[in-house]
Amino acid sequence: MRLRKVVRLRRVDISKHELVPKHEVLSEEEARRLLEELNISRGQLPKILKNDPMVQKIKAKVGDIIKITRKSKTAGESVYYRVVVGE
Amino acid sequence: MYLSEEQILNRLKELEEKLPASLYNDLKEELMKVRVTEEQLEKIIGEVLRRYEFAKVEPGEAVGIVAAQSMGEPSTQMTMRTFHYAGVAELNVTLGLPRIIEIVDARKKPSTPMMTIYLEEEYARDREKAEQVARAIETLYVRDVVDKSEIDLVNSRVLLYLDEYGMRRKKLGTEEIVARLKSIKGVEIEESGGVISLKLSNPTIKDLRKLANRALDLHLRGIKDITRVVLRREEKEYVIYTEGSNLKDVLRIEGVDVTRTKTNDIMEIQRVLGIEAARNAIINEIQDTLNEQGLIVDVRHLMLVADMMTVDGTVKAIGRHGVSGEKASVLARAAFEITVDHLLQAAVTGEYDELEGIVENVIVGRPVKLGTGMVELVMKRELEESKEAA
Numbered sequence: 001m002r003l004r005k006v007v008r009l010r011r012v013d014i015s016k017h018e019l020v021p022k023h024e025v026l027s028e029e030e031a032r033r034l035l036e037e038l039n040i041s042r043g044q045l046p047k048i049l050k051n052d053p054m055v056q057k058i059k060a061k062v063g064d065i066i067k068i069t070r071k072s073k074t075a076g077e078s079v080y081y082r083v084v085v086g087e
Numbered sequence: 001m002y003l004s005e006e007q008i009l010n011r012l013k014e015l016e017e018k019l020p021a022s023l024y025n026d027l028k029e030e031l032m033k034v035r036v037t038e039e040q041l042e043k044i045i046g047e048v049l050r051r052y053e054f055a056k057v058e059p060g061e062a063v064g065i066v067a068a069q070s071m072g073e074p075s076t077q078m079t080m081r082t083f084h085y086a087g088v089a090e091l092n093v094t095l096g097l098p099r100i101i102e103i104v105d106a107r108k109k110p111s112t113p114m115m116t117i118y119l120e121e122e123y124a125r126d127r128e129k130a131e132q133v134a135r136a137i138e139t140l141y142v143r144d145v146v147d148k149s150e151i152d153l154v155n156s157r158v159l160l161y162l163d164e165y166g167m168r169r170k171k172l173g174t175e176e177i178v179a180r181l182k183s184i185k186g187v188e189i190e191e192s193g194g195v196i197s198l199k200l201s202n203p204t205i206k207d208l209r210k211l212a213n214r215a216l217d218l219h220l221r222g223i224k225d226i227t228r229v230v231l232r233r234e235e236k237e238y239v240i241y242t243e244g245s246n247l248k249d250v251l252r253i254e255g256v257d258v259t260r261t262k263t264n265d266i267m268e269i270q271r272v273l274g275i276e277a278a279r280n281a282i283i284n285e286i287q288d289t290l291n292e293q294g295l296i297v298d299v300r301h302l303m304l305v306a307d308m309m310t311v312d313g314t315v316k317a318i319g320r321h322g323v324s325g326e327k328a329s330v331l332a333r334a335a336f337e338i339t340v341d342h343l344l345q346a347a348v349t350g351e352y353d354e355l356e357g358i359v360e361n362v363i364v365g366r367p368v369k370l371g372t373g374m375v376e377l378v379m380k381r382e383l384e385e386s387k388e389a390a
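Residue numbers (this note's numbering), protein chains in the order written: chain E, 1 to 87; chain X, 1 to 390.
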């Protein structure tokens with residue numbers, strides 16, 4: 001038997017970390033409206049990888065648009081969008 | 001007639017969409033302090049909106065160039081090489097220009113990885129408990145608690161002389177080491193008076209040497225990659241600083257504050273916390289490095305740099321292997337670095353250049369699409385047709 005001091009490990013909720021802003025998946029309807037308003041296609045949005053820890057946490061799929069509400073040092077709060085892409 | 005608070009708030013509601021949150025809140029706060037008439041309120045709101053519109057960056061403004069200049073100029077004033085960390089003198093941390101370059105180059109590993117580990121309240125106040133967490137984090141190998149090791153050829157065994165002072169300081173018992181050594185197969189362990197002897201049946205000298213090395217390399221406790229730990233009292237809490245970084249495992253340790261604990265390894269942040277956290281880390285790290293030297297650069301420039309580095313989901317470098325090297329236009333790439341290679345490659349693969357960027361147009365000798373040059377004239381079809389008809 002190992003006498004090594006047993007360190008208790010736990011599961012970590014990374015979304016609680018202060019560096020991580022709020023991530024939400026947009027519904028089909030919201031996504032359509034957003035793209036229409038910006039007059040762009042999905043591919044023109046900034047990207048986020050499907051194996052990104054936050055994407056996995058909110059269980060987004062490739063093609064989903066993620067709304068990111070950042071805490072901004074200048075504007076207080078700002079909204080950013082990223083589309084989930086495969087590798 | 002002065003307006004009531006409620007009336008003011010109702011009027012402000014309409015602005016919520018038009019103004020950024022911080023500006024909106026400031027305005028609300030200030031308006032709550034004063035008594036205004038409807039006419040005055042309209043005037044204030046009008047002025048705030050006008051100034052906000054005025055402060056916005058205009059379409060066509062070369063924000064990238066401005067950001068580059070705004071970061072570039074102060075960095076010429078930076079001390080070329082500084083190797084110390086404000087506060088924790090015991091730890092060596094790369095700062096100054098080398099650090100900025102490291103961040104912007106998106107290096108796989110920073111030259112001096114370090115972590116700042118905050119503790120949960122219960123642990124942060126109590127020195128005992130804080131030390132306990134620190135001990136659980138610092139990586140410890142048998143090598144670290146052995147004064148010297150010897151191969152005894154007469155009795156064909158390996159002798160490990162324990163560093164008892166060091167063990168006491170690290171609160172490590174001999175039995176823990178012995179227990180760990182048992183994981184080596186076929187070894188006979190004897191311990192007496194601070195000396196551990198390891199025996200094998202019919203060993204050659206080579207076997208013994210191998211055994212000695214294996215024993216010394218055994219991991220006793222702690223987290224991989226964290227080679228040194230410094231516990232410091234800061235204002236009202238204990239904070240752990242480490243040499244080496246392993247965010248993923250450290251966060252899982254009981255007592256560590258998951259919300260604030262950070263590392264200076266941006267790639268690791270990307271892996272553990274995601275691309276958005278990496279973006280924030282880039283901004284914070286650059287800003288801290290600049291501020292440490294007394295240089296102030298507007299965050300907006302840093303935000304632009306961080307956004308550019310993270311647009312495609314991974315942290316990529318500014319420069320040949322990243323942002324500049326991946327530009328769509330051949331001419332833009334050729335104008336940056338390794339000109340001939342890019343032109344040759346473009347010729348071989350038959351690349352097409354839209355001539356939309358700045359550099360391309362400078363090369364070709366056309367007005368650049370920037371500022372007032374961005375505007376193009378479009379004629380209404382009906383107008384042209386009506387002229388033809390006339």
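No lab work stands behind these hints: they were computed from the structure. Ideal placement from N, C-alpha and C gives every residue a C-beta, glycine not left out. Honestly, I wouldn't trust all of these hints.
[Unchecked claim] Partner residues are not named here, just some residues of chain X that face chain E (Cβ under 10 Å, in silico):
1) Asn202
2) Pro203
3) Glu254
4) Ala278
5) Asp307
[Claimed, not checked] Computed list of lysine-lysine pairs in DSS-like fashion (alpha-carbon distance at most 25 Å, straight line):
6) Lys13(X) / Lys71(E)
7) Lys129(X) / Lys73(E)
8) Lys22(E) / Lys57(E)
Next on the checklist: Output the indices of the hints that this structure fails to meet, ascending.
Outcome noted: 1, 2, 7
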